[in-house]
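Given the sequences, and given the hints that come with them, work out the whole structure.
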Amino acid sequence: MSKIILNLNNVLNSKRIIKMKQKNIYFKNQIKKRHNRKSQLKIGESILVLMIFFILLVLGLIFYAKIQVHLNEEEKDKYQAKRIIDMALAVKFLPELQCSTQATEEFDCIDLAKLESFEKVVGENLLYQRYYAQLFPNAKIIINQSFSPRGEALSESGKILIDNVYELDPTKRASLTILSLPVTLYDPIMDINSFGFITLEAYS
Amino acid sequence: MKKRGVVEVQFNWIFIFIVGTIILMFFIFVGKSYLESSNVKLASKVRTDLDSIMKGATSSTKSASKLEIPRLKLSFTCYAECSDDGCSSDFSIGDTGVNKETKHETIFSIGEMKTDFLITWTLDWSMPFKVTNFLYLTNPSVRYILVYQDDTEKVFAEKVYHLMLDNDFLTVDLVSEQEMQDIENWGHKFVRFVFFYPFDVVDVSEDITNEIDFDVVILPDKFFTGKAILRGYDDVYGGFQYDDVPVLSYYTKEMLIGIIFSKDAEFYQCNMIKSFNSLNRILDLYSARAYYLAEMSAQNPNTAHCASVYAQFIDLSLSNKLEYPLEFTDEAFFSLKNKLGLISETAKSVNKKAIVNSCPRLY
Numbered sequence: 010m011s012k013i014i015l016n017l018n019n020v021l022n023s024k025r026i027i028k029m030k031q032k033n034i035y036f037k038n039q040i041k042k043r044h045n046r047k048s049q050l051k052i053g054e055s056i057l058v059l060m061i062f063f064i065l066l067v068l069g070l071i072f073y074a075k076i077q078v079h080l081n082e083e084e085k086d087k088y089q090a091k092r093i094i095d096m097a098l099a100v101k102f103l104p105e106l107q108c109s110t111q112a113t114e115e116f117d118c119i120d121l122a123k124l125e126s127f128e129k130v131v132g133e134n135l136l137y138q139r140y141y142a143q144l145f146p147n148a149k150i151i152i153n154q155s156f157s158p159r160g161e162a163l164s165e166s167g168k169i170l171i172d173n174v175y176e177l178d179p180t181k182r183a184s185l186t187i188l189s190l191p192v193t194l195y196d197p198i199m200d201i202n203s204f205g206f207i208t209l210e211a212y213s
Numbered sequence: 018m019k020k021r022g023v024v025e026v027q028f029n030w031i032f033i034f035i036v037g038t039i040i041l042m043f044f045i046f047v048g049k050s051y052l053e054s055s056n057v058k059l060a061s062k063v064r065t066d067l068d069s070i071m072k073g074a075t076s077s078t079k080s081a082s083k084l085e086i087p088r089l090k091l092s093f094t095c096y097a098e099c100s101d102d103g104c105s106s107d108f109s110i111g112d113t114g115v116n117k118e119t120k121h122e123t124i125f126s127i128g129e130m131k132t133d134f135l136i137t138w139t140l141d142w143s144m145p146f147k148v149t150n151f152l153y154l155t156n157p158s159v160r161y162i163l164v165y166q167d168d169t170e171k172v173f174a175e176k177v178y179h180l181m182l183d184n185d186f187l188t189v190d191l192v193s194e195q196e197m198q199d200i201e202n203w204g205h206k207f208v209r210f211v212f213f214y215p216f217d218v219v220d221v222s223e224d225i226t227n228e229i230d231f232d233v234v235i236l237p238d239k240f241f242t243g244k245a246i247l248r249g250y251d252d253v254y255g256g257f258q259y260d261d262v263p264v265l266s267y268y269t270k271e272m273l274i275g276i277i278f279s280k281d282a283e284f285y286q287c288n289m290i291k292s293f294n295s296l297n298r299i300l301d302l303y304s305a306r307a308y309y310l311a312e313m314s315a316q317n318p319n320t321a322h323c324a325s326v327y328a329q330f331i332d333l334s335l336s337n338k339l340e341y342p343l344e345f346t347d348e349a350f351f352s353l354k355n356k357l358g359l360i361s362e363t364a365k366s367v368n369k370k371a372i373v374n375s376c377p378r379l380y
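Each protein sequence line maps, in turn, to chains A and B.
Residue numbering for the first sequence follows my numbering, beginning at 10 and increasing consecutively.
Residue numbering for the second sequence follows my numbering, beginning at 18 and increasing consecutively.
Heads up, a few of these hints could be off.
To be verified - A few chain A residues that don't get close to chain B, going by computed Cβ distances all over 12 Å:
1. Asn18
2. Asn19
3. Asn22
4. Ser23
5. Ile27
6. Asn33
7. Ile34
8. Asn38
9. Phe116
10. Glu161
11. Ile169
12. Thr180
13. Pro191
14. Thr208
What the hints assert, rightly or not - Lysine-lysine pairs mimicking BS3-like chemistry, simulated, CA-CA at most 27 Å apart:
15. Lys129(A) x Lys131(B)
16. Lys87(A) x Lys120(B)
17. Lys120(B) x Lys149(A)
Stated by the list, open to error - Covered by chain B, per the in silico footprint, the following chain A stretches (three or more residues, Cβ under 8 Å):
18. 119-130
19. 170-176
Derived from the structure by calculation, the hints contain no laboratory data.
Since the structure is predicted, the reported quantities are computational estimates derived from the model, not experimental observations.
Note that CB positions come from ideal geometry on N, CA and C, so glycine has one too.
Structure below.
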């Protein structure tokens, strides 16, 4: 009897031990799972931080790029202004047009006889047309007479000196800058001076 | 547990290393791109400014200026490979590839320069009507030393010296052959010797030869029309035969100054081709002007007598367009010299007649 009780106790004990062992394994698994979750959470946090960092960086770059685009446009405007001033300077000092007295140049003066010759010679010579197209790219230069004491030497619409506008369709043309320069127009035949303008139309 | 901890710590470090590298690479890329774009931007700005400076300088005759510019390498090229559309010529800034073509502009320069200041000088070429402006570019680190041997050379050398002194910003010295040993090094980076005689040896102090780059221009003729030889440092020390080197011709004092300011013989020849293209164009325009003045004068009874005044210039028959001879021969030199003389004299004569007869002037 006592042997049977002892065996029963042993069986019970072994069952307890098994249960305890099972419990241990369960707890260990639970700890492992918790630990894994903790690690996953840490990686998640890091990735989130990185994502936010890169989002902020991209936003910063977009902001910087927009400022740069704006600055580039300003630079472009400045360049266009410089270009038109350079062209105005070039047209005012063209020996082909400038008035001269015994080879001494007169400032802000255009000789109407030279203007006529220029129109004729350049109109007939493709080589010269190409030269002036390179000198005044994408631009149109018109000479207008605003007041003449003894009749009009130039027509009311003026004389087109150079027309190198690249885009022939006016609706498709880019921004236009117009500069008018007051000049004296000298007629050597009549020996009279009149007042006029060089109108420079430059397309960007 | 210990092993897992070790793995976890290692993983963190690998993660930091990878992400750190990516971030670092990203910033290096952004920095590099920014640097490149800002270099190109600066070069573009300098190109635009220089272009404006040169256009301004070319517009005003007989002007000299010293302008502060960003310290970037400026390279001027001009090859005597020219077509109807101009010559293969440009100026570029640094190694950025930013450049500006100068197909038609006559610009004499020493080629490459890295400087804080640019010296510009403009002289006009007239026949006697204005043809074009010659632009000379140099910098304060260049010194010009004019050397003469005897009194006849001294007279001509002094004329060139005084012409160059018109530009206050140039460093120009006039010395005799005997004084060459006494030339001191003033800290210039480049010296251009201008010999007014065919020299045998450049007998200068070691102070100059050891520390400064130099080359020579030889002007054996003692006039503002003549021939010249431009040789580099290697040729001078390596030795050269006067018969074997390219000879350049010049027909005015502005052209002579052009040789003194040019990088090499081809640079000068290229600019001469451009100048003669301008001359042909201006000549066509003046011929048309003469024809127009004659025609218009004939229509008015008060000025009818003027119609014949311009005939001499209209009749001025030049068999071909004027061309600068790339290969020097006495025949080519004198032929061009005579043609230029004829144009100049005819223009002067017609203008004089026009003034005497109260007719519109030709120029």
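We went through each hint and held it up to the structure:
Every CB of chain B lies more than 12 Å from the CB of Asn18(A), the least distance being 36 Å, so the non-interface label holds. For Asn19(A), the non-interface assignment is confirmed: its Cβ lies about 34 Å from the closest Cβ of chain B, beyond the 12 Å cut-off. Every CB of chain B lies more than 12 Å from the CB of Asn22(A), the least distance being 30 Å, so the non-interface label holds. Listed as outside the interface, Ser23(A) is consistent with that label: its C-beta sits roughly 29 Å from the nearest C-beta of chain B, beyond the 12 Å cut-off.
Once the 12 Å rule is applied to beta carbons, Ile27(A) is consistent with being away from chain B; the minimum gap is 25 Å. With 12 Å as the threshold on Cβ separation, the claim that Asn33(A) sits away from chain B holds: the shortest Cβ distance comes to roughly 15 Å. Every Cβ of chain B is farther than 12 Å from the Cβ of Ile34(A); the closest lies at roughly 16 Å, confirming the non-interface assignment. With a cut of 12 Å on Cβ distances, Asn38(A) stays outside the contact zone with chain B, its closest approach being about 14 Å.
Residue-level check failed: Phe116(A) sits 10 Å from the nearest beta carbon of chain B, not beyond 12 Å. Listed as a non-interface residue, Glu161(A) keeps its Cβ farther than 12 Å from every Cβ of chain B; the least gap is roughly 16 Å. Ile169(A), annotated as away from the interface, keeps every beta carbon of chain B farther than 12 Å; the closest lies near 17 Å. The claim that Thr180(A) is not at the interface with chain B holds, since no C-beta of that chain comes within 12 Å of its own (minimum 29 Å).
Every C-beta of chain B lies more than 12 Å from that of Pro191(A), the closest at about 17 Å, which supports listing it as non-interface. No beta-carbon of chain B comes within 12 Å of the beta-carbon of Thr208(A); the shortest separation is about 19 Å. Straight-line distance between C-alpha atoms of Lys129(A) and Lys131(B) comes to about 45 Å, which puts the hinted pair past the 27 Å bound. Restraint check: the Cα-Cα separation between Lys87(A) and Lys120(B) comes to about 25 Å, which is no more than 27 Å; the hinted pair holds.
As the CA atoms of Lys120(B) and Lys149(A) are separated by approximately 21 Å, the hinted pair is consistent with the 27 Å bound. With a threshold of 8 Å between beta carbons, the proposed coverage of the region 119-130 of chain A by chain B holds, since 7 of its residues qualify and at least three are required. Beta-carbon proximity to chain B at under 8 Å applies to 0 residues in the region 170-176 of chain A; the threshold of 3 is not reached and the given coverage is violated.
The structure shown violates the earlier hints numbered 9, 15 and 19.
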